[in-house]
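Colleague: Take a look at the letters that make up each chain.
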Amino acid sequence: MWNLQGNVQAESHRNGSRVRKLLTSNEAVAEAVKIAKPDVISAYPITPQSPIVESLAKMIAKGELDASFVRVESEHSAMAVIHGAATAGARVFTATSSHGLAYMFEMCWWIAGSRLPAVMAVATRSIGAPWNIHGDHTDIVQLRDAGWIIGMAENAQEAFDMTLQAFCVSEEVNIPFAVGLDAFTMSHTAEVVEIWEPEIPPRRQAYKVLPSDNFAVNAVTMGKARMKARYDLAVDLENSAKVIEKTDKDFGNHGGLVENYRLDDADFAVVMMGGWCGDAKDAIDMLRQEGFKIGLLRIRFLRPFPKKAVKELGCEVLVVDKANSDLRGVLGIEVSSCGVEAKNVVAGIGGVDVGVEDLCRIFKDFMNGKLEMEWYL
Amino acid sequence: MILPGNTSCQGCPISLAMRCLDEIENPVLVIPAGCSTVVAGLHPNSAMKIPVIHVPFASTNAVACGVKEAYKRAGVKANVIAWIGDGAADIGFATLSASATRKDDIITVVVDNEAYMNTGTQASLSTFWKAKTSTSPAGKADERRDLALIMIAHKADYVATATVGYIEDLRRKFRKASQIEGFRFIQIHCPCPPGWRFPSEKTIEIARKAVMSGAWALFEFYDRKLRFSGIGKKFAEKDNRISLAEYLKAQGRFEHLRDEDILAIEKAIDEEWEILKRFSGE
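Chains A and B are the protein sequences, given in the same order.
Quick note on numbering: the first sequence equals residues 1 to 377 in the numbering used here.
Quick note on numbering: the second sequence equals residues 1 to 282 in the numbering used here.
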């Protein structure tokens, strides 16, 4: 049994038991969205996200989900449609990847600045040029400054749980929520997922526009109004950490903003996020058997960034990144911004395969003080 | 619908068009970046007596579609109006086309002042042949795009052109649009005193000369048929028109035109009328 602030009269499952299903992360997200019962879904297809919205379109066609599905000509319009629907009080969902996220970027700022709850899945994929359809995190990290909550799932179960949590958190704090899942290694890879059907509280939001209310939203501002709105969003985004942590136990108990893996007695910590953390855990288990005291701090939320957990590491730190800004990785920059001196490796860009053996090698070099490369090419 | 003391320029055609919104029941305005943004009022004030959702430039029809979808599901009655300029019709053209193709149950109003006026009179796709703008200082060499004809090609439920020069005709078209379901599109000719460089008291006069010279055709398309409307019927016949030079010479943006330029424009206008007449069967 679980309870969200008394708003959810929870039944962990309709018939008291959880169902185990073999699902890709894309399918797991679609299952979660179906349970959350959105009013309006709008999306434009892009690899590797497309199966999410194809599944939802099918559910609607079969009558399993009662929602409006708006087919648009671009991602910019997909985000614009859910922006409009959310303004008028609807629960909304979209999904995208890579160039799609880049194309809708302007609207991502607007939906956040308008303080509208919304949920978007991002099957994280490389951004060109040159063309590449494979996984890394270069797309989703671009959202950092737009004022979104940004979660990064590790597996299909977490993609399912986090999507459900996203609706609850977003509608409580009036901030849009992006659920990141890695291209292909998660989006198209089937795993066993425990499905349960919690009742998500009815749609809540700070305001909505109705024909009877004569007011204007987002008119041109002068003076301090825009800065104040930006400040309020930053403060509320920071405070959303409490809501995320408070509701974590209701959505799979994944650890809140971070997951600590074998960190308690560690002399060495690796900081990573996303699907390859599963491989990192295997590598850590192998190195532990060899006597290395190493653990993983898995970043579950890029925003709000888990500054406290990073600052408390108190040991040698290595950040392994799947997105870069200049020569440095984006997560590396985030970690150093907390005053933690860390080594930083960029790897796996454009889907370059980084397996358990590769991670073992990188971690070992780091612990032996031999880590020289910044890019694992 | 719009309060006095708003921030529009003297002689602004957009504020004239906004006054006519009282013909439409339960309106909700969605307005992108443009002159209308400013006319509708600066935060924390609003010059409109109806709800306004301000949105980014290219997004208007998609936002309006989302608003309408949400209202439909909640059983809220409203006429959602995508109120755009010719600039937003340019940058949001794909969005507009998708909205028309889906038959979104909204009204799209284009207040067409034939350039990007809010950013300082840069040429748009609607800019009149050979007109001087700040990005076509020697006169625009490109074609003028016919938005209303393109909307007819989308098989829209209602398409009309109108003008602030004939307010009763404009009001009737707003009224008609609000009584039809489906995708409705009205393009309003909006002569802009500072942008076109004519005295601010002459907005109506210029707007009427545009119709009387054949430079702006008034028509409606519904039930799959195009009809010339109101006083516009008369000027479908070339013999009834005033000279094109009389319309053009009243505006600073055409001060550079030579006689052969005016003849070339007249030819382009005649060709457009030919197309319209073929559509109308008249």
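There's no promise every hint is true.
[Stated by the list, open to error] Each computed EDC-like pair below joins lysine to aspartate or glutamate, with the alpha-carbon atoms no more than 16 Å apart: (1) Lys77/B x Asp105/B; (2) Lys202/B x Asp146/B; (3) Lys311/A x Glu259/A; (4) Lys308/A x Asp213/A; (5) Lys307/A x Glu372/A; (6) Lys208/A x Glu172/A; (7) Lys103/B x Glu73/A; (8) Lys343/A x Glu372/A; (9) Lys49/B x Glu372/A; (10) Lys72/B x Glu259/A; (11) Lys293/A x Asp326/A; (12) Lys77/B x Glu372/A.
Hints in this document: simulated from the structure, not taken from any laboratory.
Note that this is a predicted model, so its numbers are computed, not measured.
Colleague: Run through the hints listed earlier and report the numbers of any the structure violates, in increasing order.
Modeller: 2, 4, 5, 9, 10, 11, 12
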